[in-house]
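As given, the protein sequences belong to chains F and P, one line each in that order. Using this note's numbering, the letters of the first sequence map in sequence onto residues 546 to 789. Using this note's numbering, the letters of the second sequence map in sequence onto residues 546 to 789.
To be clear, the hints were calculated from the coordinates, so they are not data collected in a lab. Glycine residues also receive a C-beta, built at the ideal position from the N, C-alpha and C atoms. Heads up, some of the hints might be wrong.
What the hints assert, rightly or not - Some but not every residue of chain F turned toward chain P, in silico, with C-beta under 10 Å:
id	residue
1	Ile566
2	Asn592
3	Leu600
4	Glu604
5	Ala609
6	Gly629
7	Ile657
8	Gln708
9	Ser710
10	Ile714
11	Tyr716
There are 2 protein chains.
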Amino acid sequence: MINQDIKDASAAFWRSSIPHISIDSVVFGFLNSQLNVLLLKIKKEENWILPGGYLQKDEAIDDAARRILYERSGADKIFLNNFGVFGDLNRSESYFKDYPDDLWHKQRFITIGYYALVDQTTVNPVPDVFSDRCEWVPIASHPKMVMDHEMIIKKALSTLREQLSYKPIGYNLLPEKFTLPELQGLYEAILDKKLNRGNFYRKMMRYDILIKLDEQRKGGAYKSPNLYKFDEEKYNIALSGLNW
Amino acid sequence: MINQDIKDASAAFWRSSIPHISIDSVVFGFLNSQLNVLLLKIKKEENWILPGGYLQKDEAIDDAARRILYERSGADKIFLNNFGVFGDLNRSESYFKDYPDDLWHKQRFITIGYYALVDQTTVNPVPDVFSDRCEWVPIASHPKMVMDHEMIIKKALSTLREQLSYKPIGYNLLPEKFTLPELQGLYEAILDKKLNRGNFYRKMMRYDILIKLDEQRKGGAYKSPNLYKFDEEKYNIALSGLNW
């Protein structure tokens, strides 16, 4: 039942890593008005998994999160934010119940969740040795996940949605010059609902982070919409979340 | 150097608890227009400490956070929220450097931070056996803290401040009927700055969570200010953070 690869990995993790702690990352990608999530499919398993791994004995947790994401998916230079900790009883233990008790993976793990939202074209997913697939999957129709990874994705998504209401978003996800309908499309993809155009316009103007340019987007069938860019200084002040 | 109490505690923790994981809580209390934080002073130590402890082997992390806070401070029935994880190298290890290596406390600990904001009159702080004081201390002038507990308080405070800008606050912190200046006082205590009265009024009205009552607060020297109460339904919708 247990193969030599897993035995070797287990022995190595006991030497290198801090027991009971794991790290899982939820990386959201935005492309063509759609919100996706970066997932792995483990070899010979049906369900999918978040890119995750373990904390090394000599490693800070933020460094571990970046290293693990890179090793498992090829995604590099991604700014990850901790958004929660998942430490219910039996959240992971039962998954390895048929394995020997001294297997590293069979411990009780408390997992630290990190998330990021990136321009999907900047990441080229590469499966690691344990996976046969590493892909962007639409958030609205992602495959069945192992353990509590479905819940971890949901919590990351609700954190991202909450942030929308008080922090600006879009700086690295839209072209430098964009139209308000393009910005609205990003918000709609994250919220998974259509927004009223007039309300969206008023809310965005209230944030006071956009500069209206004296240019229009040409070439569409309709009236050419105005182009905007972010006011970098005001954007960063608003990012601090303290604009009372 | 090491006394029997610590030795016994160490042996008990090795039996009962998950190594490498600790939990620390930042409980903010509001009283007389001032924001305070609940701290402990360990016996024979100069510096203060957050109420914290360890995760038992058969315990979910949220349950552990509530138990630990109660055992260390007497604060009961407090709804705690996880706001971050602190896992840099040497954040806690050096604090016990003069102790034997097999002491439980000398491990590398990754600590899970929880926070709450409560009506201070509902909590009666009681020091535990390791502490000689357990007190509400003004956030603006709290004493020197051990390890990275100063940073943990700062992160909890910035999380609380961020929440102010998108979630309503005050339901359990103000009397049922309150004046706008009283509500403003709560916001000012949390943000540690004076707010413009007109701007505050407009922002609060935009949240649309208040009901203006046909009553005034009597007895002051000035014009009697209007009383308000929260619209419970709208308050809870706004709490969800998804009122786009």
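The hints, checked one at a time:
{"no.": "1", "hint": "Ile566", "result": "holds, 6 Å"}
{"no.": "2", "hint": "Asn592", "result": "violated, 23 Å"}
{"no.": "3", "hint": "Leu600", "result": "holds, 7 Å"}
{"no.": "4", "hint": "Glu604", "result": "holds, 7 Å"}
{"no.": "5", "hint": "Ala609", "result": "holds, 8 Å"}
{"no.": "6", "hint": "Gly629", "result": "holds, 6 Å"}
{"no.": "7", "hint": "Ile657", "result": "holds, 5 Å"}
{"no.": "8", "hint": "Gln708", "result": "holds, 9 Å"}
{"no.": "9", "hint": "Ser710", "result": "holds, 4 Å"}
{"no.": "10", "hint": "Ile714", "result": "violated, 13 Å"}
{"no.": "11", "hint": "Tyr716", "result": "violated, 18 Å"}
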